[in-house]
Each structure stands twice: as C-alpha cells, then as structure tokens.
Amino acid sequence: MTVFIIRRLLQAIVVVFLMSLIVFFGVNVIGDPVDMLINPEADQAEIERTIRALGLDKPIHEQYLFFLKGVASGDFGKSFIFGEPALKLILHHMPATIELALVSLVMAIVLGIPLGLYAGLFPDQRISRAIMAGSILGFSLPTFWVGLMMIMLFAVYLGWLPSTGRGDMAEFLGIRSSLWTRDGLSHLFMPALNLALTNISLVIRLTRAGVREAMHQDYIKFARAKGLTTRRVVGVHLMKNILIPIVTVLGLEFGNLLAFSVVTETIFAWPGMGKLLIDSLLQLDRPVVVAYLMIIVLFFVIINLVVDILYSVLDPRVRLRDQGT
Amino acid sequence: MTVLSVEGLQTHFFTRAGVVKAVDGVDFAIERGKVMGLVGESGSGKSVTGFSIIGLVDPPGRVVGGSIRFQGEELIGASDRRMRELRGSKVAMIFQDPMMTLNPVLRIDTQMIEAILAHRDVPKREAWAQARDGLAQVGIPSPEERLRAYPHQLSGGMRQRVAIAIAFLNNPDLIVADEPTTALDVTIQAQIIHVAQMLCRARGAALIWITHDLAVVAGLADRISVMYAGRVVEAGPTDDVIDHPRHPYTVGLLGSVPSANRRGEKLTQIPGMTPNMLDLPPGCAFRERCPRASDACLTVPQITAAEAGHPIRCHHPHGAAVPA
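Sequences listed follow chains A and B, in order.
Using my numbering, the first residue of the first sequence is number 1, and each one after it goes up by one.
Using my numbering, the first residue of the second sequence is number 1, and each one after it goes up by one.
Mixed in with the good hints there might be a few duds.
[Said to hold, decoys possible] If you want the footprint, here are the derived chain A segments under chain B, 3+ residues with CB under 8 Å: (1) 206 to 220; (2) 236 to 242; (3) 308 to 316.
[Claimed, not checked] Simulated crosslink set (DSS-like; lysine-lysine; CA at most 27 Å straight-line): (4) B:K124 / A:K240; (5) A:K58 / A:K88; (6) A:K221 / A:K240; (7) A:K221 / B:K34; (8) B:K266 / A:K221.
To be clear, the hints were calculated from the coordinates, so they are not data collected in a lab.
The C-beta atom is built at its ideal place from N, Cα and C for all residues, glycine as well.
The shape of chain B in the complex, shown without the other chains (with noise of 0.2 Å):
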C-alpha cells in the first residue's frame, strides 16, 4: 500500500537576491514498511524536500507546485489545522543534529508528554506511561531516569534516541529522518540507524532516510532516490542502483566511495562543484560536470524509465551508447 506519493513536487525560496529552486521536480513514492533512501550533496533539496512533506517551509519558501498524496489525502494547500494535527502523529521528523532539536530548558518527560496529549486525549499518567516505554523501545536504560533529565544531561547518542522515541510516539505511519546520524560518531551511527529500522519494521510505518552517505542508505533502503540540485536524477532498488548506476552523476558518486572491491584502485571524483542554486545554468544542471554531455544537455532531460522502476533522468545514461 502506497503511504506516501510525492509528484513534481516544487518549493521555492524567493529570496532578495533571486528565486532559488531548491526543489524543482521531485517524484518518488514509498510504501508500508519500506525504507527510502533520499540522497544527495548539501543544496541537492533533500532536506527541503522533507520539510515540504510536513509542512514546515519557512519563509520565504514555499511550496509552488507539484502533489504530495498521504495516504490518499493532498497535503498541498491543506489548512494549517489538518497539518498539525498530522504532524507528530501521522507523520513524525526526525532531525539532522541531536544536540539542537530538543529543547534545552524542558525536561525530556516534558517534551515527550506534550507530543502525546497534543494529539491524543490520554491522562497524563498514561502518557507518562507511554513516554517512559517510548524511551526503553529505543534501547534508553533506566528510562524512569532519563525522564526526570535535561537534554544537556544527556549525550548525543542519547539525545536522537530520544529524538527517535519522540517521532514513534503516536505510532506515525510515515517518518522523515533528515540526516539524523552525520552529527554522531561511527559506532554510534550503527546503533540510531539499528533503532530506527527495528522500530519501523516493527510497526510497519514507511521511513524516509535523507542523508548524503550512500554507504548508509545502501545497507538501510530498500529504493533509493539520487538528488542533484533539486531535481530526482535516478531512482531504483537499492542493490540495483548501487550496482548499475546509470545517471553519471551516481556513478560519479559511487565512485568517489572507497569500497573493499576496488581496493588498490585510485578513488574518482566528480569535477567542480555543486552549482550555485541562484543561478543554475539552463538544461542539465549537472551538464557542466559531467564526462558524458553535449549538445543535447542543453535541454532538461525527461524522466525516461528503460528499465520498469529505475527512472533515470539523464540524455546519455550509462548503458547506452556515448556520444561522439
């Protein structure tokens, strides 16, 4: 069952200096229980692209275009009152830095309760209750403990499982995880992405996994969305974009991962940097570093799919022929 659909999704920041497309055609759908890897540089959109589904752009963004189906229900344009009565319950967002997203002057027991009687009509020794079962689901030890904390009082690692049982309070069918382990140590990495799988494959809700470590999402996603500079540029199954990328620009990308199968060989990497969002240049946006461009790039390639659900978009994908 399709949970969430996103299609030609635009937002926008109109900014003094110009408008900056920072997302500008974005499609992907995910299913009940699937994983989805959203990958991309910084300014790629992904982050944007998570804040779009909940609702939470701010000024001066916005959304302009495209549909965002949760469910079945058209989230774009929908009252300011349906979101948040989504947000945190339906759909919860986990975020990038532990340290930054809970409050530093309220108590954790505080900031979980709130989430819980914000959306349901529990007594407040239930949802205590809940807050503290919450903490242990998330591997949090002696959680009647860490309830009476503050954040400061806690470590990183500690502070996103935290951040995790808050988003898997109201057992939310679809969750938004921007980047929620680049702020943390290796080891710790291992154990919030442990977490985050085990509980979603638990109550089968979808998860969104934006992050810029391929590495990660190739152990975590069943599919995996690449973004370039706002736009999806190739999308599949994760084993089989990972092992027949097709867009150069995840060719790119994979080829500047050292991996245990090309050991000895020198790492490649893409050439010049990530383009200025103000002013993209017009066609392809990745046309001026890419190997394989010519003429034809001058034109924004369409979504093409050769193979059924591994849509790339891209004049001279891998696996055709090369223009002279």
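Same shape as in the complex, but just chain A (with noise of 0.2 Å):
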C-alpha cells in the first residue's frame, strides 16, 4: 500500500510536468496579452520595456526553462495583472472555493443517499416516483438557470437569503471561513445548493440503482434470514455494498466542483478561484492561467488517489495494485 502511495505520488509528478509543459505553450498561442497590459497610446519604446519587464522578449523554450526553475522553488511567476505572485493570487482566493465546494459535496451525501435509498428501498411510491422525476430535473436544468432562478425567489422575492458574495467570516481552529457564522452560511447555502443540484441528483440515481441490484443479492436475504433489523440488514449490509460507484461519482465531481465552479461562482459573485481563473483567461494573464491549472491537476491526481485507497477499504477484494495511471 505505501509502495502503491508513492508510485501514485511520482506520477502524479510526471502529469503535472506534462500538464506545465502543454499549458504553457498552449496560452501562448492564444494571443499576446502585451496588447491588453498596455495603454494603446504608449510609444514603441515603451511597449519594449514592458516586454522586456514580462521577460517575453526572450525566446518560448527560454521564457519555460526559466519558469521551470521558478516552479523548483515554488514560483509560478508573477501575474501580468496584478504584480503579485501567481500562486499567491490563486491560494487567497483557494478557501472561499474550497469551502463551496466542501459544502456541496456534503450536501449530495446527506440529500442524495436517504433519497435515493428510499426511492430503492420502495421503488412503487408515489413518494419515489417524485423523487427520481425531480432528479431528472437536476441534472439537466442548466446551473446558470437555475441559480438565477433561485435568486429570484429566494432573494428577491422572499428576500430570506442574500444573493451575492461570502458573508462574515470568523476564524475556527485557525480555519477562517464563512462556515462559522450565521450571516456566512445564509450566504453559503444558495450558491452551495446550485452547485450541489447535478450531484445531489446523481447520487440519488447511482443509490436507488445500487439499492434495486443489492436487495435481490442472496446476502442480503440471508442476512434478513439471520434476524438483523431492517436498520442493519440497510445501513451495513446493504450500503457497504453499493457504495463504490456513489464514492468514484463524487470523487470525479468533487475535482469538478474545486476547478469548474465558475458558472456558480459568477451569479452568486463567491470570491472564489472559478472567477480568478475565468478573469485571468480574459485578460490573457499567462502566470495565473498555468499556475491554477497544474494545481488543479494536483488535485485531480490526489481525489482520484484517495479514492483508490477508499475502494479497499470498502471491498475487500480491491488489492491496490499499480495498473497504470
């Protein structure tokens, strides 16, 4: 399991060099941000300082050698922008997404599993049918939709939830976040769901599906057979079962919610790094750009890693094994 741990490790390395490397050349083709930086009066002669000031005067192996050598000490470069440190930049703005997406992610457990237990468990009710019919809705109703209508009716016509930005904050085990006050999670709680709706409606589905092939499996008679509680027979015998496809969904979509949340991010005007990365692409911010993506691919590579190990705690017979990336 160790070995397999830093096998993982290494090439989660090897993928994020690949990743810099495609990156890097890709958002160079895309147009030339000196044109966006500079005032369009400036004279030739500064137009040349500035790219000499942006160190894109030099050749395009050059300029990656040199931001290799910055990525060895932990510097992506600065931002066109703003002049700050790139992974600065994306680090301030990491909690208020990490904190969004942590809360979504929640929120399609605790909805999605009862729900789509219960519309396993008694697939005739009425109850059900409602259940699997709404779920239907939540993933294909467009999020910007739905987010824009929820802002209606909640902020504006019921005016029970604020629509836009994070909120206080208070600081918890040294953890600042919106988390820990009232006014931060009224705040939370709309671009959360929104964010969650997809999810939320994929789990119902991958349970009730689990549920409806795991109630005919013999074990489970048998274990009805031995005299458990239906609590039992459900919450043990039965979970542990169909958890594996609900745990590899939410891992690949708990990656989505981190890098992708843009859409959310911009109705509800969450301070995240969805809109960080959206503005840095407009506006041609090379530095910022590679930086967001190869920390995101560092995610990707370790969600999918605990995931993996997730597996063989839950079935026994995963051995973890190296296969290949």
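With the hints in hand, could you dock these two chains into one complex?
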C-alpha cells in the first residue's frame, strides 16, 4: 500500500510536468497579453520596456525553462495584471472555493443517499417517483438558469437569503471561513445548493440503482434470515456494497466542483478560484492560468488517489496494485 | 414432539402476467431431531415453501392461505417483529449458493457476531468466542484465523460450512436447508451433509432438507415429501417412499436415477416438461406426463392415505389397478 501511494505520487509529478508543458505553450498561442496590458497610446519604447519586464522578449523555450526553474523553488511567476505572485493570488482565492465545494459535496451526500435509498427501497411509492422525476430535472436544468431562479425566488421575492458575496467570516481552529457564522452560512447556502444540484441527482440515481440491484442478492436475504434489524441490513449490508460507484462519481465530481465552479461563482459573485480563472483567461494573464491548471491537476491526482484508497477500505476484494495511471 | 406443522400452505406470486401458484397446498409436519427431505424439480415450489416458513417471501409473492404452526405458534399473520425474533434464533436457514450468501464486503467475524447480538444480549467478547466455537464445530481448521477472513478468501465448501455455523449459532429448533449442496463438488457435498446431520442430532434440531437430488435425501432424511407443481404429491418414511413409490411422478423420478440394483437396464425418463406455472392444466398437474392418466385426472386428486403415514395425491397410484 505504501509503495502504491509513493508510486502514484511520483506519477503525479510526471502528470503535472506534462500539464505545465501543454498549458504553457498552449496559452502562448492564444494571443498577446501585451496588447491587453498596455495603454493603446504608449510609444514603441514603452512597449519594448514592458515586454522586457514581463520576460516576453526571450524565445519561448527559454521562457519555459525559466518558468520551470521558478516552479522548482515554489515560484510560479508574477501575475501580469496584479503584479503579485500567481501562487499567492490563487491561494488567496482558494479557501472560498474549497468551502463552497465541500459544502456542496456534503449536501450531495446527506441529501442524495437517503433520497436514493428511499426510492430504491420503495420503488412503487408516489414519493419515490417524485424523487426520481426531480432528479432528472436536477441534472438536466442548466446551472446558471437554476442559480438565477433561486436568486429570484429566495433573494428577490422572499428576501430570505442574500444573493451575493461570502458574508461574515470568523476564525475557528485556525481556519477563516463563512462556515462559522450565521451570516456566512446564509450566504453559502444558495450557491452551494446550486452547485450541488447535479450531484445530488447523480447520487440519488446511483444509490437507487445500487439498492435495486443489491436488494435481490442472496447475501441480503441471508442477512434477513439471520434476524437482523432492517436498519442493520440496509445500513451495513446494503450500504457497504453500493458505496463504491457513489464514491467514484463523487470523487470525480469533487474535482470538478473545485476546478470549474465558474458559473455558480460568477452568478453569486462568490470570490473563489473559478472567478479568478475566467478573469485571468480573458486578460491573458498567463502565469495565473498556468499555475491554476497545474494546481487543479494536482488536486485531481490526489482525489483519485484518495478514491482508490477508499475502494480498498470499502471492498476487501480490491487490492491496491499499480496498473498505470 | 412436533416442531413444525404446515397445513394447506398456499404462496402465490401476483405478477403482471398472472397469478403464479408457486405453492398451492403443501402439508407436512416435522418432529424434533428429525430430518425431512423436500424433493422436487426446479419450479416445483420447494424453495418457496422454505421461504414461506421463515417469512421471507419477496413481493410480488405472498402467503395467501394455510397454516404454519411452529411449536404451537401460528406464523402466518405473525408480526414482522415476531418473525424477526424467530428468524436466526429459533428458525434458521441455509441457502443454496455459498458464493452468494455471505456478504462479500464484511469479515466472517462481523457476520457471525451480528447474528448472535441480534438475538442475545451478550458481551461482544463472548459472542466472538461463540463464533469461534461455531466454526470449530463445523470442522473449520484454525477458526480464529478464519474469523478475520473475508468470504472471498474461503473456498465454496468452506463458505457453506460458515453458513451452517451461522445457522446453528443461536441453537435453533428448526433449520431449513435450501439445496445447500447443489453448488458444491460431490466430495464436499458429503462432508457438508455429514456436518449438518451431526449438528442436528447433537442439538436436537429439526431439519428440512430441500433438494432435487433423491440420492442425497435417501441417505439423510427420516421422511420424504415429494413436490410437484406446488403440491406435495407423495409423502412418507424415506425407505417406504424409495422402495414402494406410489405416485407415478415419484416412480418416474426414481426410475431416472441410476442405481446399482438395476445395472445395465435403460434409465427411464419422464416425458414432457414441468408445466408452466402461469398456466397450469386443470386437474392433476402431472396428468399430461403421466402414463396412468385417465379422465378422472381432470379433477384435482385429494390426499389419500392407503397406508398410514404414506399419503399420496393421485387417482391411480401404483399398487392399485391401472385404468383400462
């Protein structure tokens, strides 16, 4: 297991390196940041000066080697726009996004699994049909539209919840977050639910499918024949068997929530990384884009590793062996 | 002492295509420490009978009639709570396929200890010790090590031993074994039968052994009930039924088993196939395959017992005159 983890981490470094290569050269193709940065009335000398200051006068491969050298010492370059280190900029926006992603992941689990269980255990009930119909809406309605509708309903008409921003924050266990204040939570609720909607629906459908399949397995009948309570049969014997697909999907989706919650963050003016990425792309702020994508790749690799380890915890038949990334 | 008596049991499945009368009139009784073989082809309703007894018939199936009395207590209509109390403690079941009956993601000790704790208020340590002794009794070597194993680390025969050990954990008075050896190698079969028989004798538990294999019950059971299309067609002491079968179906079944006594003779076979349970012919269900059938067979034969303790359900049993 330790060997497995070490090997996976080494592979992660290779993946991150390749990613940096692709992104670095890719970003260089999509336009010239100098045009965006410089006052249109600036003279040639000033333009030259700016280009040199940003290090853009050197050939691209030299720029890349310079960049790699920086990365090795933790320096991803400075943002063209803000003049701050790109990494610092990203880390500054990261807590807001992690907070949002975590809350919406928790929502997907605590709402999705019980609803899916109910729909799977009592498939003929009217409530179950309503749950399943709702889940179809949940993943087919576009996020931006649902987000806007939620703002209309809860912020505009009902006035229950604030529509933008992170709200008050407080510090607890050394973590500064909106989670610890009432106001912060009320700000967090809508964007998190909006982001979670697709995942709640996915988890409902996966759980239901798992339950429907596992319910007819002999081991469930045998567990009942032992005289176990329904609670134990469903909570232990059934749940442990259907968790694997749910964990897989949630792992992947968590990566997506972290990296690409752009739409929700934009609608609710949530000061997270997604917003930063879009802004940086529009302004061709190369160092930020490159650093952002490298960090996201690292996230995905780590999440996948955690999911793999969870597999072996959930299912003893799974042995962690190296099968390529 | 009669542990279980089943009378006129009817379990029907209400499917979209129609009502399947999987069990439609089953009677038998079993005494303490005795073994009863419930024999029949696939689809004859023998497994459904077993599940009806422990109250685990899944929808769309339902027990619609008859009586199941366990130690004097009527089980049909008993509360879910009462049935759960009985299941696993007084009435235990062993399933057909040992590869499927143990939960693949839980360790053996978890699955054994939970069975004890579901019915008795003992410390976990004590439950663990009982689980270990249970494994030792079914002949599993180094039981402490096996307790820590997961099902996939054990062979099929080993897993069936574990299932038997689980069934006996709470000292049940009745065990329903649903084809427990069908999925196993012949050599393992004999061992499993031996273990189950030995434990039943030692504990005085009654055993219902459901099988399609007459050879298995011949050496094991005290009494045999033969089922066909949801009904018991012949029942009696094992030797009596094997040596002097009266129902044409039993005769056919026995004729299709190779035997050392009839070496060199051709095996007979029963013509036709088991009837479609959705569309049973009226009258005796065996009529269309029966060499002795007559117009009388268009009505369902009643249970008659020409000899005491050997009831049959046939208009023209062997030993009576063949109709012209």
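Here is what the structure says about each hint:
no., hint, in the structure
1, 206 to 220, "holds (count 4)"
2, 236 to 242, "holds (count 4)"
3, 308 to 316, "holds (count 3)"
4, B:K124 / A:K240, "holds, 22 Å"
5, A:K58 / A:K88, "holds, 25 Å"
6, A:K221 / A:K240, "holds, 15 Å"
7, A:K221 / B:K34, "holds, 26 Å"
8, B:K266 / A:K221, "violated, 42 Å"
Of the numbered hints stated above, the single one contradicted by the structure is hint 8.
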